[in-house]
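Peer 1: Protein chains in written order, with this note's numbering: chain H, 2 to 329; chain C, 2 to 329.
Since the hints were made in silico from the structure, they are not lab data. Hints are all accurate, no fakes.
No farther apart than 25 angstroms at their CA atoms in a straight line, the calculated lysine-lysine pairs in the PhoX-like style are these:
no.: 1; chain 1: H; residue 1: K4; chain 2: H; residue 2: K22
no.: 2; chain 1: C; residue 1: K8; chain 2: H; residue 2: K207
no.: 3; chain 1: C; residue 1: K244; chain 2: C; residue 2: K280
no.: 4; chain 1: H; residue 1: K8; chain 2: H; residue 2: K198
no.: 5; chain 1: C; residue 1: K3; chain 2: H; residue 2: K3
no.: 6; chain 1: H; residue 1: K3; chain 2: H; residue 2: K207
no.: 7; chain 1: H; residue 1: K4; chain 2: C; residue 2: K207
no.: 8; chain 1: H; residue 1: K198; chain 2: H; residue 2: K3
no.: 9; chain 1: C; residue 1: K250; chain 2: C; residue 2: K171
no.: 10; chain 1: H; residue 1: K4; chain 2: C; residue 2: K4
no.: 11; chain 1: C; residue 1: K244; chain 2: C; residue 2: K176
no.: 12; chain 1: C; residue 1: K68; chain 2: C; residue 2: K22
no.: 13; chain 1: C; residue 1: K22; chain 2: C; residue 2: K4
no.: 14; chain 1: C; residue 1: K3; chain 2: H; residue 2: K4
no.: 15; chain 1: H; residue 1: K4; chain 2: C; residue 2: K198
no.: 16; chain 1: H; residue 1: K138; chain 2: H; residue 2: K176
no.: 17; chain 1: H; residue 1: K22; chain 2: H; residue 2: K68
no.: 18; chain 1: H; residue 1: K171; chain 2: H; residue 2: K138
no.: 19; chain 1: C; residue 1: K4; chain 2: H; residue 2: K198
no.: 20; chain 1: H; residue 1: K207; chain 2: C; residue 2: K198
no.: 21; chain 1: H; residue 1: K244; chain 2: C; residue 2: K22
no.: 22; chain 1: C; residue 1: K244; chain 2: H; residue 2: K22
no.: 23; chain 1: C; residue 1: K207; chain 2: H; residue 2: K3
no.: 24; chain 1: C; residue 1: K68; chain 2: H; residue 2: K68
no.: 25; chain 1: H; residue 1: K22; chain 2: H; residue 2: K8
no.: 26; chain 1: C; residue 1: K4; chain 2: H; residue 2: K3
no.: 27; chain 1: H; residue 1: K22; chain 2: C; residue 2: K280
All values reported here derive from a predicted model rather than from experimental measurement.
There are 2 protein chains.
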Amino acid sequence: MKKFINKSDDLLSESLQGFAKAHADIVQLNLDPHYVRRTEATTKPKVALISGGGSGHEPLHTGFVGKGMLDAACPGQIFTSPTPDQMMAAVAVENGSGVLFIVKNYAGDVMNFEMAAEMIDCDSATVLIDDDVALPKDHSTGRRGVAGTLIVEKILGAAAENGMGLSACKILGDKVNSLTASMGVALHCCTVPALGKPTFELEDNKIEMGVGIHGERGHDTIDLVSASDIVEQIMTVLCDDLKPSANQKILLHVNGLGATPLMELHLIYNLAATFLENKQLIVSRSLVGNYTTSLDMTGCSITVTLLDDEMIELWDAPVNTANLRWGC
Amino acid sequence: MKKFINKSDDLLSESLQGFAKAHADIVQLNLDPHYVRRTEATTKPKVALISGGGSGHEPLHTGFVGKGMLDAACPGQIFTSPTPDQMMAAVAVENGSGVLFIVKNYAGDVMNFEMAAEMIDCDSATVLIDDDVALPKDHSTGRRGVAGTLIVEKILGAAAENGMGLSACKILGDKVNSLTASMGVALHCCTVPALGKPTFELEDNKIEMGVGIHGERGHDTIDLVSASDIVEQIMTVLCDDLKPSANQKILLHVNGLGATPLMELHLIYNLAATFLENKQLIVSRSLVGNYTTSLDMTGCSITVTLLDDEMIELWDAPVNTANLRWGC
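Let's have the full structure, built from the sequences with the hints guiding it.
Peer 2: This is the structure we're talking about:
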C-alpha cells in the first residue's frame with residue numbers, strides 16, 4: 002500500500018489539522034474530541050445543523066461546514082462512526098433554537114447520534130438519509146445514506162440560515178431525502194490504510210454495480226460495459242424509484258468516489274442529463290465533482306433529486322464552505 | 002484498462018459537452034474547433050486572457066474560465082497541444098484591448114500558441130509558465146509549466162478584470178511566474194486511455210519524485226518514505242529555488258494529481274505549512290485540492306508563490322468559474 006501518511010493512526014488528526022489551517026477563515030477544529038465548527042459564530046438565533054460520520058468521504062462532511070450549510074461536523078475514524086462524545090461536544094454550536102442532526106443510515110452512526118441526542122439538554126431532531134437505491138427499502142437495516150446527504154445538507158443549511166424552526170427543518174429534510182435517489186458503481190475498490198489492501202478485488206474486465214461508500218461490495222459484479230450502458234442502467238433504477246412526472250425539475254449530481262478523473266465525470270454527467278431530457282424531464286440544477294468519496298475508489302455515483310420551487314431557492318442560496326461555495 | 006468511456010476518441014468531446022451543460026451559467030462550448038468561453042461576455046473593454054493545453058489536467062484550464070479569471074480556454078486531445086486554429090477561433094473573445102496568452106512551457110504548446118499569435122489581427126502577448134523546479138532552469142527546453150499555472154491565471158484574471166492593460170498584464174504575469182515554484186511526486190502513474198496501460202510502472206515500495214503532469218517519469222525513483230520525509234524533500238527544493246526572506250508572505254498550494262484522497266492532501270498541506278512556519282515564513286493564502294491533475298495519477302504537487310500586497314489583493318478578488326469560486 003502506498004499512501005501519503007506518517008502513521009495510519011495519525012492520518013485523521015494530521016489531516017484535520019491541515020484542513021483547519023488551510024480554511025481558517027471558515028472552520029475551526031476542536032481536537033479532543035474531534036469536531037469542526039464554523040469560525041464565524043452565528044449571532045442570530047438559528048437551528049444548529051450538525052452532521053458527521055466516518056472519515057474517508059472528504060469533503061463530506063467537514064468540507065460543508067460554514068455559512069449556509071452545516072454548523073458543525075463530527076468526523077469518526079476512517080469508515081467508523083463518530084462517538085457520542087464528539088456529537089455532545091459539537092452541540093456547543095447550539096444557540097437556543099435547537100439542534101438538527103443529519104445522519105446517514107448506518108447502524109453505528111444512528112446509534113451514536115441517538116445516544117448523543119438523549120444526553121443533551123436542548124431540543125433536537127434527526128433527519129436520517131437513506132438515498133442509496135442499490136439496497137431495497139425493506140432491507141433489514143434499510144437503505145444506506147450516500148451522496149444525497151450533501152443535497153439535504155445544502156437545502157437545510159439555507160433553510161436554517163433563513164430562520165426556519167426545528168420542526169419545519171425536520172419536515173423539510175425528510176422531504177428532500179424522500180425525493181432523492183442515488184446509486185454508485187466502482188471500477189476499482191479503495192484501500193483502507195489500516196487494512197493495507199483493497200477491501201475487495203475486481204478482475205480487469207469487471208465492474209461493481211451498487212457499491213456504497215465504505216469499500217463494501219455492491220449488488221452485482223458485471224462485465225465492463227460502455228459508459229452509456231452504465232449510465233442507462235443506473236438512471237433507469239433511479240427513475241424507477243422516484244417516478245418523476247413529465248416536466249419535473251431535477252437536480253442532477255454526478256459524484257466521483259475519489260480516483261475518477263473529472264473528464265470522465267463530465268462524460269457521465271452528459272449521458273445522465275441526456276437520459277433525463279429524453280424522458281421530458283428538466284435538468285434544472287447540476288453538481289459534478291468529488292463530494293462524497295470513498296478514499297481512493299475509482300468509481301462514481303449518480304444522484305437525482307426532484308425539485309420544487311422552494312428547494313431550488315434554497316439550493317441557490319449563498320453558501321460559503323471549504324468545498325461548496327457560491328453567492329458569498 | 003477500466004474507464005468510464007464510450008470510445009476513447011470521443012472522450013474529450015463528450016466530456017466537454019457535459020462540462021458545458023453542467024456549467025451553462027458560466028461557460029459556453031464551441032465545438033468545431035473546440036474552445037470554451039464565458040457565457041456572459043464582458044461589456045467593458047478588458048484584456049482577453051486565453052489559455053489552453055492538452056486535456057487530462059481538469060479542471061485546468063476549462064474549469065477556470067469565467068468572471069475574474071480566463072476569457073477562454075483551448076483544450077487539446079489528452080496530453081496533446083491544442084492546435085492554432087483553436088486559439089485563433091478563441092480570439093473571438095477579444096474586444097479591443099488585446100489578447101494575453103497564458104502558455105505552459107511545452108514545445109508543442111509554445112509552437113502552436115506562437116503560430117496563432119502570428120496569424121491574428123489584434124495585439125497580443127504571451128506569458129510562459131515554467132514553475133516546475135524538478136527540471137533545472139538550463140534544461141534544453143527549459144522548465145515545465147505545472148500547477149503554478151492556476152496561480153498566474155487567477156492573479157492575471159483579477160488584474161485584467163480591473164482594467165490593467167496588455168503590457169502591464171504581461172509584466173505582472175512574468176513576475177508571478179518567477180515568484181512561483183512547484184514540484185510533484187507520484188505513488189502510481191496514470192493511464193492514458195488511448196494507450197490502455199500506465200505510462201510507467203512503479204514497484205510497490207517505490208515512488209517517483211519530480212514527476213510532471215503528462216505521465217512522464219520524474220528525476221528520481223526512490224523508496225517509499227513517510228509523508229513527512231516527502232514534504233521535507235520537496236519543500237527544501239522549492240525554498241532553495243525561491244530563497245524567501247524571513248517574514249515573506251506565501252501562497253501554499255497543495256494539488257492532487259487525480260487519484261489522491263483529500264484527506265492525504267490536507268495531511269501534506271499540514272506538513273508543508275509547518276515547514277514554512279518553522280522557517281519564519283508566513284502562510285498567508287492556501288489552496289488544497291485537485292486543480293491541475295494528470296488523469297488518474299496518484300500523487301500530488303506542492304506549489305509555493307511569494308506574495309506581495311498587490312498579488313494578495315488580486316488573489317482575493319472575486320472569481321466565478323466552474324472550479325474556483327469566491328466573492329461572487
